[in-house]
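By full-length UniProt numbering, the letter at position 117 of the sequence shown is numbered 117, and the numbering carries on one by one without gaps.
Incorrect hints may appear among the rest.
[Stated by the list, open to error] Taking CB as the label site, the calculated pair distances span:
#: 1; residue 1: Y145; residue 2: K28; range: 38 to 44 Å
#: 2; residue 1: Q155; residue 2: I107; range: 22 to 28 Å
#: 3; residue 1: A55; residue 2: R101; range: 41 to 47 Å
#: 4; residue 1: G144; residue 2: H110; range: 26 to 32 Å
#: 5; residue 1: P146; residue 2: R84; range: 35 to 41 Å
#: 6; residue 1: K93; residue 2: Q155; range: 39 to 45 Å
#: 7; residue 1: P146; residue 2: G68; range: 35 to 41 Å
#: 8; residue 1: V51; residue 2: Q155; range: 37 to 43 Å
#: 9; residue 1: Q12; residue 2: S149; range: 35 to 41 Å
#: 10; residue 1: R15; residue 2: L147; range: 31 to 37 Å
#: 11; residue 1: G68; residue 2: A123; range: 43 to 49 Å
#: 12; residue 1: S149; residue 2: P43; range: 16 to 22 Å
Simulated from the structure, these hints should not be mistaken for laboratory data.
Since this is a predicted model, take the numbers as computed values, not measurements.
We put the CB at the ideal spot given by N, CA and C, even for glycine.
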Amino acid sequence: MSSVLTHERMEQTIRTYFDACNEADAAKIQACFVDDGVHYFPPGMYGGPFVGAEAIATAWVKAVETVGSVWTVDQVITDPASARAVIEWTHFKTYHHKMLRGDEWYIFDHESGLIREIRAYYASPQDSDLEQLELGGFDYAERGYPLKSPITREQPA
């Protein structure tokens with residue numbers, strides 16, 4: 001099976017996506033994703049994952065309109081063989097004078113070269129009310145992630 005993925009194409013797709021978000025160009029955002037693409041977030045953010053290229057585009061266009069969002073791509077690492085990439089980004093909410101930083105994991109479609117999935121991780125304090133700090137709506141068990149510690153430790157007296 002031949003793949004259209006290269007380091008250059010993956011990075012260009014990510015940068016095109018960010019440019020499209022900054023331009024509030026819904027059609028250009030959608031063109032970066034497979035139709036059923038998903039964008040995951042930490043729990044409680046944005047009402048859960050954005051499901052579908054149209055939903056992703058609609059949400060980011062609204063963010064530009066309502067909070068003055070501007071994003072930068074700060075670092076990019078790509079792996080065409082596994083169809084994965086990871087980036088560091090900065091999100092400026094200019095109307096509120098706020099800045100967020102984080103990382104995102106990208107899964108690409110081997111056939112089309114489009115984004116299939118984004119998993120966003122934010123640099124922020126841990127919520128002490130939560131026992132599980134993980135992405136909302138992401139099926140960790142189905143993906144084979146550990147659900148409990150492989151080592152049992154007793155707290156010292």
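Those earlier numbered hints the structure runs against, lowest number first: Violated hints (numbers, rising): 1, 2, 3, 4, 5, 11; every other hint is consistent with the structure.
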